[in-house]
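Taking the hints into account, I'd like the entire structure generated from these sequences.
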Amino acid sequence: MAVMKTRIAEVLERNEAEILSDWMKEQATALTQRPDLMKESELRQQSTKFLKLFREAIAGNNLDIQQPIWGPVREFIGEVSRSRAIQGFSPSETATFVLSLKQPLFTRLRKIHEGQPDYLFEDLWNVTVLLDKLGLYSVEVFQKTREDVIGRQQKEMFELSTPVVELWQGILGLPIIGTLDSKRSQQVMETLLNRLAETQSEVAVIDITGVPVMDTSTAQHLLKTVTATRLMGADCIISGIRPQIAQTIVHLGVNLGDVTTKASMAGALAVAFKRMGLAVGPARRQSGETA
Amino acid sequence: MGEFLLVTIQVDMHDRLATVLSDDLANRISATRARGVLIDISALDVVDSFIARMFGDIAQIARVMDAETVLVGMQPSVAITLVEMGVAMTGVRTALNVEKGMTLLRARREEERADDDAPAE
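Residue numbers (the numbering used here), protein chains in the order written: chain R, 1 to 291; chain V, 1001 to 1121.
Treat the hints as calculated values from the structure; they're not laboratory data.
Incorrect hints may appear among the rest.
[Claimed, not checked] When the alpha-carbon atoms are kept at most 30 Å apart in a straight line, the in silico BS3-like pairs for lysine-lysine are as follows:
| # | chain 1 | residue 1 | chain 2 | residue 2 |
| --- | --- | --- | --- | --- |
| 1 | V | K1100 | R | K274 |
| 2 | R | K133 | R | K39 |
| 3 | R | K262 | V | K1100 |
| 4 | R | K144 | R | K183 |
| 5 | R | K39 | R | K183 |
| 6 | R | K25 | R | K102 |
| 7 | R | K144 | R | K49 |
| 8 | V | K1100 | R | K224 |
| 9 | R | K133 | R | K144 |
This is how it looks when you write it as structure tokens:
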């Protein structure tokens, strides 16, 4: 075994330039090189570095890429995959970076082991196993990077998801769109109460027209928000309860109690106006004007 | 302030202070024949369950003595904490600030006077 491994390393070392140029050609024809996303010189640089690290690691005579000797290779592949994920490569394009090394390497090995099928088979098998593992690893890192991106976007959306708007002087509106989980409900409560304190508004309207489903915990959170606004001395109206949600609330046995609920934002606004002693009426026409 | 008492709490409430406040207030209500009490807690950052209950008690004591209590200016963080603790303080009226609390008390008095003036049937 030991002889064999160092043999691959030797092959790599002796034919480094040729393998590299073949590999570059392979990558160019594999349709995975994206000249729009990455310059050839950069790809060459990455390929050279990978070959060097791969050679150093394989000389260590260990097929398990989780071993510390493979650390530098893993790190480098991780770096490449991460940058590609961010640059917008597809997973297969990213994996092909490693996998496309097979052909040039196999060609060399075949030349060297001519007439020795046993050696050839053994070497090919080992290289395949290794490169496959590394390819899978690169996809894994790629996936993880994309997930991180998604997570960050979710966080950003989350921060944008609770706008509190002033509907009228002293009346705040909070349209909620999307699912209300406990974390978001908490945020809804905090932003609403802070804005109430800031603007000294007397009435808050929470509009849940855009909330697709409601469960007991969501309802509980809404109730808590209403209670908290009352504690602060303001009033809270819930509007836009859709038929399905109304049914769910009743079936779940949630007691909305003395919370004022209205079918539409307009209805809630009318109630708010009334509580504040305001009235909306048609504008009086100028006396000289004719219709 | 007219027929209303205004209590502004500037220091951190601790249990002893709350009891003293309750005693004091009861005496003052009886001495001044106040019809309403405004408790301004806008400077309070921390309210624990005991203090919350104390406010509820004060409101009830005042009510027994024919005075309405309004708790004004509760901070958002305090409101959230109380709700999370399950303290709804249903017996206490609240308002956003002293001015609005005063308006509330005045409105209540107006109502009472209107009731008094209404001819008995």
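Looking back at the hints listed earlier, which ones does the structure fail to meet? Violated hint (a single one): 5; every other hint is consistent with the structure.
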